[in-house]
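Participant: Below, each chain spelled out in residue letters.
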Amino acid sequence: MALIKATGVKRIFKVGSIEVHALRGVDIEIEQGEFVAIIGKSGAGKSTLMYQLSILDHPTEGTIEIDGHITERMSSAERTSFRLNKLGYVFQDYALVPELTAEENVMLPLLMRGDGAISARLKARAVLDRLGLEDRVDRRPGRLSGGEQQRVSIARAIAHDPVILFADEPTANLDTETSAQLLQYMQDLHRAGQTIVMVTHELEYAAKAQRVIVVEDGRIKKAGTPKELELHQRRVHQS
Amino acid sequence: MLVTLRVALFLARRYIVRTNPWQTILVVFVMMLTFLNLVVVNGILVGLIDGAVFGYKKNYAGDLLIQKMPEKDQIDHASAILAALESEPGILAYSPRIVEAGTIEAHFRESVAFPDEVRDRVGVAVVGLDIGKEASVTSLTTSVVEGEFLTETDDDYVVIGGNLIDRYFPAAIGLQTLSNVFPGDRVRIEVGSVAREFKIKGIVRTKADNADLRVYMLASQLKKMRNGLDSSPLDEFAIKIAPNTSLETVRARILSYGIGALALVQTSEEAIGEFIDEIKDTFAILGNIIGSISVIVASITIFIIIFITAITRQKYIGILKGIGISGLTIEFSYVFLSLFYSLLGITGGVLILYGVLVPYFEAHPIDFPFSWGVLSVTELGVVVRSSILAITTIIAGYIPARLIVKRNTLDSILGR
Chain G
1 MALIKATGVK RIFKVGSIEV HALRGVDIEI EQGEFVAIIG KSGAGKSTLM
51 YQLSILDHPT EGTIEIDGHI TERMSSAERT SFRLNKLGYV FQDYALVPEL
101 TAEENVMLPL LMRGDGAISA RLKARAVLDR LGLEDRVDRR PGRLSGGEQQ
151 RVSIARAIAH DPVILFADEP TANLDTETSA QLLQYMQDLH RAGQTIVMVT
201 HELEYAAKAQ RVIVVEDGRI KKAGTPKELE LHQRRVHQS
Chain B
1001 MLVTLRVALF LARRYIVRTN PWQTILVVFV MMLTFLNLVV VNGILVGLID
1051 GAVFGYKKNY AGDLLIQKMP EKDQIDHASA ILAALESEPG ILAYSPRIVE
1101 AGTIEAHFRE SVAFPDEVRD RVGVAVVGLD IGKEASVTSL TTSVVEGEFL
1151 TETDDDYVVI GGNLIDRYFP AAIGLQTLSN VFPGDRVRIE VGSVAREFKI
1201 KGIVRTKADN ADLRVYMLAS QLKKMRNGLD SSPLDEFAIK IAPNTSLETV
1251 RARILSYGIG ALALVQTSEE AIGEFIDEIK DTFAILGNII GSISVIVASI
1301 TIFIIIFITA ITRQKYIGIL KGIGISGLTI EFSYVFLSLF YSLLGITGGV
1351 LILYGVLVPY FEAHPIDFPF SWGVLSVTEL GVVVRSSILA ITTIIAGYIP
1401 ARLIVKRNTL DSILGR
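Each protein sequence line maps, in turn, to chains G and B.
Per my numbering, residue 1 is the first one in the first sequence, and the count goes up by one each step.
Per my numbering, residue 1001 is the first one in the second sequence, and the count goes up by one each step.
Derived from the structure by calculation, the hints contain no laboratory data.
The C-beta atom is built at its ideal place from N, Cα and C for all residues, glycine as well.
Hints are not guaranteed to be accurate.
To be verified - Here are the in silico distance ranges between beta carbons for each label pair:
#1 Thr7(G) x Leu1403(B): 31 to 39 Å
#2 Tyr1354(B) x Glu72(G): 28 to 36 Å
#3 Glu72(G) x Glu1379(B): 50 to 58 Å
#4 Ala172(G) x Ile1296(B): 44 to 52 Å
#5 Asn1244(B) x Gly114(G): 53 to 61 Å
#6 Leu1403(B) x Asn85(G): 23 to 31 Å
#7 Val1384(B) x Val163(G): 47 to 55 Å
#8 Gly1415(B) x Ile18(G): 33 to 41 Å
#9 Leu1002(B) x Gly142(G): 30 to 38 Å
#10 Asp1411(B) x Gly8(G): 41 to 49 Å
#11 Gly1415(B) x Glu72(G): 22 to 30 Å
#12 Ile1304(B) x Arg139(G): 52 to 60 Å
#13 Ile18(G) x Val1384(B): 52 to 60 Å
#14 Gly114(G) x Ile1293(B): 40 to 48 Å
To be verified - From the derived model, a few chain B residues whose C-beta atoms are all more than 12 Å from chain G:
#15 Thr1177
#16 Ser1256
#17 Phe1303
#18 Ile1317
#19 Gly1324
Based on the sequences and whatever the hints tell you, model everything.
Facilitator: If you want it as structure tokens, here you go:
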């Protein structure tokens, strides 16, 4: 059974009297342990699709089933709790809480899941160590580089062992070298069995995924391995 | 719920410690001023009346006041009362007084020379005192503002209450007063058909009207002026009870001697009249109204501050919700923030109140025309007002947080 199963997902935004069809009926299945990249031009609907799959947003139509749970039936509190227990997020602009240190940012979801302060601290420190941030634990986001902030963001997303890790343009604000390192971390996570759904407009980075879904005009245009889509031969950025 | 509160506290604590300290100082300062406004305005208004009651007790009535029945000219069988007071162990001291209606006239020699001029004369209560006994019950003898108080040998002297003199109690207030009267001046006092000249030894000012509208002389001299009609005429007893003694117990024992049939036996609070309580209640309401306005201002301040804080952090609130932090947790974190502001403000206010204001007002009471205004603050009043302020602040902090938290998570994250 697929870990994520989206059927006929539509998302329509109303801007005044105008209806914008961001998604026009998307069907996707993502298996446990897959590393999926969603690519597309700006405005194609790739981020909107990820927001639906990660239940940060409600589809206008269609159903999304994650790990056997039908998400439309969940209340707002249940969705929040589901995100806490099953999902992990890496946002484009790191989205770290500025008043918290790197360690405290990572501790936060662990505390919310009921871990004691000491246990949460130990787990947070272990994940930060794994990501090479052992000497940055007490720093607040303002005193970390972009790459370090994004690694803290990954640490926060994976510290509670989520079923699925969602990453929305995680390399968007990083230089090439740091982006490559970040992709390497994600590939390591994938190899360790983590299911990852990543939105990117960088073909080069999408090529690191196991499967690529191309979104265009609110629909899935094509999907396949990077090799099938010949991404490894294309160096041109789609943006 | 415990986890919710723990994480909320975790977030609030970090925010307080790591946010701009000037913001915290400003909000705490506003809360402190609000608390002081709430307590001090009410305290001064009520203290104004408390000061009057205290002055009445301290300078005129003592703890218990025995007075003649309204329909009588004097207390019947005063000797029986004296015997009862002497035998009552709960009484520390008492002062028997003779009170007669009379007049006092200043510049009376000039009025003989200029008979067409309006005479400088006012109606007064003339009081005969046993100086030593009076000093052991009230502070009248130490409330002299000009000259000196009487001694046991001052047969030809009187002391005048300040409210009988125009420089202390301007005639504009409505009472007739004597003008240009100073210690050393001669005045003529008339009681019944007997008139006699006395020299003014001093002027007393106690802020207790009953005491300040009287003329005092030795009891022996007033007895003489009453032509010896009664060998022991007495009209009033001011009584001071022993420390750690129940006022009601002492009164009950005095009444058990049958004195209730001979005279009115009242506590100083009863003697001053119910109207004082009514004025006190009215002033308390007035103080509470003024205080309520400051609570509303503080609530609006907290509302605005929390609203601005929450709206500028809307994106982070969205992210917190996105990563699974419940809306209730985020709301509680702002409630804790508001609670922190109010508790710190209240603590600062209490320190200033008991460390500065209460000692200051005790040492320097406000000079109101009819009382020495003190700051009337009770522990219960402080607790109630602190609780009102804290609860109001919590509500004022919760509402804006709720408004922001209930927004769509994704909209908050994307800043839409």
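Participant: For every hint, state whether the structure bears it out.
Facilitator: Going through the hints against the structure:
1. Thr7(G) x Leu1403(B): 31 to 39 Å: holds, 35 Å
2. Tyr1354(B) x Glu72(G): 28 to 36 Å: 60 Å Cβ-Cβ, so the 28 to 36 Å window is violated.
3. Glu72(G) x Glu1379(B): 50 to 58 Å: holds, 57 Å
4. Ala172(G) x Ile1296(B): 44 to 52 Å: holds, 47 Å
5. Asn1244(B) x Gly114(G): 53 to 61 Å: Since the Cβ atoms of asparagine 1244(B) and glycine 114(G) sit about 57 Å apart, the hinted range of 53 to 61 Å holds.
6. Leu1403(B) x Asn85(G): 23 to 31 Å: Because 27 Å falls inside the window, the suggested range holds.
7. Val1384(B) x Val163(G): 47 to 55 Å: holds, 52 Å
8. Gly1415(B) x Ile18(G): 33 to 41 Å: violated, 21 Å
9. Leu1002(B) x Gly142(G): 30 to 38 Å: Given a distance of about 32 Å, which is inside 30 to 38 Å, the answer is holds.
10. Asp1411(B) x Gly8(G): 41 to 49 Å: violated, 24 Å
11. Gly1415(B) x Glu72(G): 22 to 30 Å: holds, 26 Å
12. Ile1304(B) x Arg139(G): 52 to 60 Å: Distance hint for isoleucine 1304(B), arginine 139(G) is violated at roughly 32 Å.
13. Ile18(G) x Val1384(B): 52 to 60 Å: holds, 57 Å
14. Gly114(G) x Ile1293(B): 40 to 48 Å: holds, 45 Å
15. Thr1177: holds, 69 Å
16. Ser1256: holds, 69 Å
17. Phe1303: holds, 21 Å
18. Ile1317: Contrary to the label, isoleucine 1317(B) does not stay out of reach of chain G, its closest Cβ about 10 Å off (not over 12 Å).
19. Gly1324: violated, 2 Å
The structure fails hints 2, 8, 10, 12, 18, 19 (numbered hints given earlier, in ascending order).
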